[in-house]
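Asker: Sequences listed follow chains A and B, in order.
Taking the numbering used here, the leading residue of the first sequence gets 4, the next gets one more, and so forth.
Taking the numbering used here, the leading residue of the second sequence gets 4, the next gets one more, and so forth.
Hint data in this document are derived by calculation from the structure and do not stem from the laboratory.
Keep in mind that a hint or two might mislead.
A pair counts as met if it fits within one copy or between any two copies, since identical chains are not told apart.
Capping the alpha-carbon separation at 27 Å, the derived lysine-lysine pairs in DSS-like fashion look like this [stated by the list, open to error]:
id	residue 1	residue 2
1	Lys-330	Lys-161
2	Lys-161	Lys-26
3	Lys-27	Lys-193
4	Lys-165	Lys-354
5	Lys-432	Lys-295
6	Lys-260	Lys-295
All values reported here derive from a predicted model rather than from experimental measurement.
Number of protein chains: 2
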Amino acid sequence: MTIKLNIKNASVNLASEECDALKKAAMSANASLHEKNGLGNQFLGWVNLPSSISEADIFEIESTAETLAETSDLVVIAGIGGSYLGAKAVLEALGDAFQPEQGRPKMLFAGHHLDEDYMYELIRMLHGKRVSCIVISKSGTTTEPALAFRILKQYIEKQYGKEDAAKRIVAVTDKEKGALKQTADKEGYKTFVIPDDVGGRFSVLTPVGLLPIAVAGFDIRLLLKGAADMELASGIDAAYENNICAQYAVVRNALYKQGKHIELLANYSPKLHFLAEWWKQLFGESEGKQNKGIFPASVDFTSDLHSLGQYIQQGERILFETVISIKNPQYEFIVPEDPENLDQLNFMATKRISEVNRMAELGTMLAHLDGGVPNIRIEIPELSAYFLGQLIYFFQKACGISGYMLEVNPFDQPGVEDYKRNMFALLGKPGYEAENQKLMTRIE
Amino acid sequence: MTIKLNIKNASVNLASEECDALKKAAMSANASLHEKNGLGNQFLGWVNLPSSISEADIFEIESTAETLAETSDLVVIAGIGGSYLGAKAVLEALGDAFQPEQGRPKMLFAGHHLDEDYMYELIRMLHGKRVSCIVISKSGTTTEPALAFRILKQYIEKQYGKEDAAKRIVAVTDKEKGALKQTADKEGYKTFVIPDDVGGRFSVLTPVGLLPIAVAGFDIRLLLKGAADMELASGIDAAYENNICAQYAVVRNALYKQGKHIELLANYSPKLHFLAEWWKQLFGESEGKQNKGIFPASVDFTSDLHSLGQYIQQGERILFETVISIKNPQYEFIVPEDPENLDQLNFMATKRISEVNRMAELGTMLAHLDGGVPNIRIEIPELSAYFLGQLIYFFQKACGISGYMLEVNPFDQPGVEDYKRNMFALLGKPGYEAENQKLMTRIE
C-alpha cells in the first residue's frame, strides 16, 4: 500500500499544452535530482538516503536511544530549523496527545528560539528529574541551540558531575569540524554525523531526526522503509503517471501560474500540526527566493474552519488547498446515543467519530471548490511510521522537483544570513564594529 | 503605561492624499462602531464591554472559578472558534510553559476538532483524576463541541453520579434558548451568559474567555482593566493621532492597496503563538469576504527565521509583518560565561537572553525592511494580564475599523455555513436528503 495523490479537484487542465510542458519539466527535474547535475547538486544526499542507510548505522542509533531512554525521565533536544522540525513533526504525529510512550522519556525542545522566560521555566522544571540532552548542530555556533546547549551542559554537569554528564549528552554534528564536534571529542560525548551533502530541512531521515524519534520509542526502521518505498516509486525510471511527487510538483506550479500565491496545507488530525510546520520550512526555504515561490501556510481542521474558514470560503481568491487525509484512526470511538437528544446529534450516533470527521473533510472540499479554492488531496491509509516515511520522502522529492521547475536552487538559503549578520552587529560581536555603527543609527 | 504602535517602518507615506482619505475613513468607522450605525450593528456589544461589566458579574465568575479549581485536577473546556481561541490565547500567554499555576488545575480543550484518536486518548488520560468541564456554545448544537460534551457529560456522570456531576459542569451559553441552555436548566448546571450582541470572535472578555482564565488562576480584573483603558484611548472622542487602533487599520489598508496580500503576525515569545491564532480568526473571519481581505498568517520567531525566514527575506513581495514586541520578560536569565568559548558566544555572556532576543528582533526588522517587507511594531512593556487586555481590545477595535474601511460587514461569517451544510448532508442528517443525493455523486 502507498499513499495516494488525488488531483481530480485541482482545477488544472492536465491535458493542456501548458501542462504537457510542466510534466516534461518535472520529469527532467526528477532526472536531474538522481543524476546530480542540477543547481545545488552538492546537497543531494537525501535522494538515496532511505535505501542506503546501513544496518550498522540503524543499530547504533537504536542502541544509543535505548540507553538514553533507560536513564532519562526527560530528554531535551537542542536544535533549530531542520534540526528541530523534522523530529518534532514525527514525535507529534506518532505520539499520544497527552503522554509519552510507555517506559519512554518525555521529549522537550530548547534552543529553537531566544525566549528568556522559556529557558528559565525549562531549567526550573528539570530539577529532580533524570535529564539527558541531544544537541543537534552542524557548526555548533548557531546562536539559539548553542546558547541553550551552553546552559543545559552546565546544568547537567552540575547535577551529575562532568564524567556522568558526558554519558547524558549526545551530539549530532559534523563528522570532523566545528565547535560542537570539538566539544564532543574533548568531553567524550557519543556523536552522530550530519552528512555534508544533506541540508537541514532534508535531514529528518539522518540521525538528526532518527535519534530523537528512536528515543521516544518509535520504529525508525518502518519510517525508513516507507521512505525507501517512496524513493523507489519516484525513481529515475518511474513514469510520470506513477510518480506522485512529479504530479504534485506539476499541479502546484500550474496553480502558481494561475495566480494562486498561497498553498494551505490542511489536516483533519491535530497530530499533523507540526508536520505542516516542517513542510513550511521545506517548501518555503527551498522555493522562496528571487522574488518567487508559493507562500506556504497551514490550517488544522476542523478547528480552523471556525477561524480561517470564512476567509478560505470567500476571501481573496489567491489560494489553493492541499489536504492530508488519513483514512483510519488508531483507536475506535463511537458517537454515543443520548435518549434526550437535545443536541440533535443522534442522527450520527453509532457512527465512528472519524466518519463524522471524514464527512466534514469531504463537505469542506466541495464547499471550498464551489468557492473557487482548488483542492489537492494526499490520501494516507493510517498515521503509522511506515506511511509517515512515505509522506516525508514524497514531500522532499516533490520539493526538489518543484524548485527546479521554478528555476531556483532549492538547496540553498542565502536569505537566512541577513538577520543573523544584523543581530551579531547589534550585539557588538567582535568583527562587526562598522556594521554596528550603521545599524544603531537605523534603530534609534 | 500603554502599548505602543510603531509605524515608522511601515513603508507607507502617511502624508499622502491617499492616506488622508484612509485616516478619514478610519475615524468615521470608529465613530460608527460607537454610534452603532454601521453594518452588523447588532453585534457591537464588545465595544463597551470592558467598561460596562459589573462587579457582581466579575465576582460570580471568580467564585465559580475558585470552586472548580478547588475540586479539579483537570478542567476540560469544550468549545470551538471564538469559544476556544480567546481562552487558549490568554492561558498560553500568561502561563508557565510546562506546568499549571500553583494549586490550579491543568486546563485542556476538547470539541475543537473531530479527531477520533484525540478523544480516545483524552478520555483514557482522565481516569483517576478529578475532572470538571466547562462547555461553551451559544446554540449547543455546533457539532464539534456538542459531540465532545455528549461524551464528557457521560464520562463525568459515570464517575461521579448524576448529582455530583452537575456540580462539575458549567455551561456558558445563551441566556434563554438553545439546546445547551435547556440541558443546563434540566440538569441544574451553573450557567453564564454569552450576550446576544457579541459574536464568537469578539467574546474573550465575556464569560466565554473570562471563566477559563479565572479557573487557571489569572487575574481577570487586570485583563479587563487593560481592555477598558484601551476602550477609552480609542473612544469616539480620541483624535486620530492618539488612536492606535485607527492608525493600525489605516496602515494595513494602505499596504493592502499596495498589493501586500499577506499579513504576518510575528512574535519573539512562543507564549504568543495562540494569540496569533486568535488574531487570525478575528481578522480572517471579519475581513475575508466578497473576494477581499488580507490573508492573516503568523510566525514564531526566532524559530521560524530558520523556516519561513528565507521566504520572507527573498520570496514573493506580497507580505508585510506586524511584530508584537515584549520589552521585559518575567524572569531573569543571564547568558553564562564559558572559559573555553568553543561556541564563540562569550561576546554575549553576562547579557540577558532577552537582550539577545531583542537584537535578533531589531536585526530581523532591518533585514526584512531591506528585503522589501514593511514592518509594523506593537510594543508591549511586559506580558501581563493588564497589557494583554489592552492588546486584545486594540486588535478588536482595529479589526472593526479595518473591516468598515474595506466596506465589508466585519461581524458576520456567512461562508462558515457552507461546509457544515455539506457535512450534514453527507452524514445523512434528516432534512438534507436531496442535498445528500447531489453531493454523493460529486465525491465518488
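Asker: Confirm or reject each hint.
Answerer: Structure-based check of each hint:
no. : hint               : in the structure
1   : Lys-330 to Lys-161 : neither (49 Å within a copy, 31 Å between copies)
2   : Lys-161 to Lys-26  : neither (59 Å within a copy, 59 Å between copies)
3   : Lys-27 to Lys-193  : neither (46 Å within a copy, 65 Å between copies)
4   : Lys-165 to Lys-354 : between (57 Å within a copy, 26 Å between copies)
5   : Lys-432 to Lys-295 : neither (33 Å within a copy, 46 Å between copies)
6   : Lys-260 to Lys-295 : both (11 Å within a copy, 20 Å between copies)
The structure is inconsistent with the numbered hints 1, 2, 3, 5, although it conforms to all the rest.
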